[in-house]
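S.K.: Below are the chains, spelled out letter by letter.
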Amino acid sequence: MGKKKTLTLLSSAFALSMVLTGCSDSGETGDASGASDTEIKFMHLWPEGSSKKHYDVVNEIIAEYEAENEGVSVDLEVLSNEQYKDKLRVLSTSGDLPDVGLTWAAGFLEPYVGGNMFAPLDDVIEEDLSDAFVPGTTEAYALDGATYGLPLELNIVSLYYNKAMFEEQGITPPETYEELETAIAEFNDAGIQPIALGNRDSWTGSMWYMYLADRIGGAEVLNKAIDRSGSFEDPALVEAAAKTQELVDSGAFVNGFNGLADEEAKSMFMSGQSPMYLIATWDLPNFTTNESVPQEFRDSIGYLNFPTVEGQGDPSSFVGGPGVGLFVAEESEVKEEAKDFAAYFVKAWGEEAVTKAGVIPATKVDAETLDLPEMYVDILNELNGATNITLFADVQMSPDVAQVHLDSVQALFGNEITPEEFAENHEEALSSE
Amino acid sequence: MNKVMSNKFYIAFYIAPALLLLLILVFIPLVLSGYYGLMDWDGIGEKTFIGLENYITGIQDKLFWNSAFHSFLLAIFSTLSLIIYLTVSFILASKIKGADLLRKIYLIPMLLSSVAIAQLWVKIYNPSNGILNVFLMSIGVENPPLWLANPSIVLFAIFVPILWQYAGFYILIYYAALKNIPESLIEAARIDGATPFQIATRIKLPLIKEVVSVTIVLAIVGSLKYFDLIYVMTAGGPNGASEVMASYMYKLAFSNYNFGYGSAIGFLLLIITLIVTFIVRKLTETKDKLEY
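Heads up: the protein sequence lines correspond to chains A and B, in order.
When you line the first sequence up against the UniProt record's numbering, it's residues 1 to 433, in that order.
When you line the second sequence up against the UniProt record's numbering, it's residues 1 to 292, in that order.
Next comes chain A alone, as it looks inside the complex (with noise of 0.2 angstroms):
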């Protein structure tokens, strides 16, 4: 045998694999678009494993879209969360994006807009949904005037609750901060840990300060804050952030929550160790429908929104935001198709949306004629009379600010920093951009 032979079969071993290698991406799109004339490509983030029914939901609307419009396919692809954001990140680099995609509000849309990257989708929402949303939703795809995104998810915070716990210890449901501060202590002479926070993921944190701020100065105190109109040395958000450590000082979180994650909080709550948990509306499967959670502890949830502080505040203005939303994409060959297939997406979501995937969607749905667990017609009914929804601060700010935002909110709340220096710091990053 000579060693020749043994060389050549290597090579063209090689060269073979890199062929393959090479083929393989091209080779799939080639078949789909054989079929049709116009071919939509949407990328969504609900793989089948992770998120089936929304993946179902998703499917069903592709199916009956199709139906509806012959000669029109869409082409599918799913990603999940981080992955997905970070294809798009790279196929927006080489000018690939997908004709329709999914996008989250404000600041993570920014750099999109500015790359020219997103339409514009504005007449879309005038000619087919001028009605169809929540008030408050789409503005927060919206900057320098245009709109970016179809809004499709609304969450909305509250302060959800274990009867069961309370009863146990005869202690009234807060509906005051100061009888918040009375549970907190009954509960601390009783042996458990309050609150369940998991604060290494400071967006948790974040929602407490909010909200304080909202019940102390008001719905605009710290969205002007944020566009600069204010200031976060406004007495009202320094002592938000006062109250904020008055909370931690008197023992409100669980043991150690700066080094909590969102989810181990939430394992607390969910197995009875914590009787409260402040978190969105994404959670409520968790505590309705959701098969996998013994009913018994889905029985005994109930929710109230956040405290009034020393009688200020209005109980129906929500921290909130819009989840993910629906992009077109600028350079699609196929743009008019994909907005009217984006337009279609959304009127077909909502209710497709909340009765068989749990999700609160952005478009308005009559709750009574849905046949829906009662707490996500409380909600819905609650959003239906909200006065303000005040967007994640951290998704306000641009992504620069809304870290240097998380930091401090951790640095807040495990006390290594004053209320004032907690103004200060977010008042150098802001006036640096």
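It should be emphasised that the hints constitute simulated quantities derived from the structure, not laboratory data.
From the three backbone atoms N, C-alpha and C, an ideal C-beta is built for every residue, glycine too.
Treat the hints with care, as some may be off.
Here are some, though not all, of the chain B residues that point toward chain A, as calculated from beta-carbon distances under 7 angstroms [to be verified]:
| hint | residue |
| --- | --- |
| 1 | Asp42 |
| 2 | Leu148 |
| 3 | Ala149 |
| 4 | Ile153 |
| 5 | Ser255 |
Here are some of the chain A residues that sit facing chain B, going by a computed Cβ distance under 7 angstroms [claimed, not checked]:
| hint | residue |
| --- | --- |
| 6 | Gly115 |
| 7 | Lys163 |
| 8 | Phe166 |
| 9 | Ala185 |
| 10 | Asn188 |
| 11 | Gly191 |
| 12 | Gly259 |
| 13 | Pro399 |
| 14 | Gln410 |
| 15 | Ala411 |
Once the Cα atoms are required to be at most 16 angstroms apart in a straight line, the calculated EDC-like pairs of lysine to aspartate or glutamate come out as [said to hold, decoys possible]:
| hint | chain 1 | residue 1 | chain 2 | residue 2 |
| --- | --- | --- | --- | --- |
| 16 | A | Lys163 | A | Glu139 |
| 17 | B | Lys123 | A | Glu186 |
| 18 | A | Lys85 | A | Glu110 |
| 19 | B | Lys62 | A | Glu428 |
| 20 | A | Lys163 | A | Asp299 |
| 21 | B | Lys179 | B | Glu210 |
| 22 | A | Lys364 | A | Asp378 |
| 23 | B | Lys123 | A | Asp262 |
Place chain B on chain A using the hints.
M.R.: Okay, now just chain B, sitting in the frame of chain A:
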């Protein structure tokens, strides 16, 4: 075989695939990240050339030097822990009972993925339900430390699993090196009346000096660019108390959308690592070649 190896074409042919991969995956991205460091770039939109501004900001960035300090601290601890690994290897190599089994046990952490190890230790460190604090409370400690939440101990709490993770690797290297020493040398020393301690420090240690110096470089370089466990366990928190250079770089590029600056930090990390490696190599250089 000699005929094949003397042909320049075949030499190039054998090297080419590896060289190609190395070029594409390592050297080109390296140059590119240095180049991106010269840009003001959010990773999506237009790049604007801003010269050395990112690098100058980096050198003046308090947070960067804070993370660099943490990285160097890790490097020091990793290097010091080599002494422990070396001691363990001496014991394992000295034909004690069950050495084989112990060697395998020490190797287990290396077989686990970093993320699994991180998850495991996050559970161990859990302030209320973690095995560590449950144990401490059961022996009467009233307020056991909040391992991952207390900024003054979080860094050291993370060092423990990192050192634990790599123990098996270094022990394996030392063990192999020690096993390589010819029995005749040890025999001769023993006949001359050397105690086991003398054999270890005067005969064996000098003989594996080269291996030791390689592991020192490995430990230091590995520490300086360390990322995975820290990212999973604390993501650099609370408030930067466990930030290292690589996690800071990641944060800048992928959370803050500041790819230009992130790349510059990455490049600074490379330069720092190169300088340190060079210094360590110089310090641990052995002049005389060993033959046995």
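S.K.: If a hint holds in the structure, say so; if it does not, say that too.
M.R.: Structure-based check of all given hints:
no., hint, result
1, Asp42, "holds (4 angstroms)"
2, Leu148, "holds (3 angstroms)"
3, Ala149, "holds (3 angstroms)"
4, Ile153, "violated (10 angstroms)"
5, Ser255, "holds (6 angstroms)"
6, Gly115, "holds (3 angstroms)"
7, Lys163, "violated (22 angstroms)"
8, Phe166, "violated (20 angstroms)"
9, Ala185, "violated (19 angstroms)"
10, Asn188, "violated (14 angstroms)"
11, Gly191, "violated (11 angstroms)"
12, Gly259, "holds (3 angstroms)"
13, Pro399, "holds (4 angstroms)"
14, Gln410, "holds (5 angstroms)"
15, Ala411, "holds (4 angstroms)"
16, Lys163/A x Glu139/A, "violated (36 angstroms)"
17, Lys123/B x Glu186/A, "violated (28 angstroms)"
18, Lys85/A x Glu110/A, "holds (14 angstroms)"
19, Lys62/B x Glu428/A, "holds (15 angstroms)"
20, Lys163/A x Asp299/A, "holds (9 angstroms)"
21, Lys179/B x Glu210/B, "holds (15 angstroms)"
22, Lys364/A x Asp378/A, "holds (14 angstroms)"
23, Lys123/B x Asp262/A, "holds (14 angstroms)"
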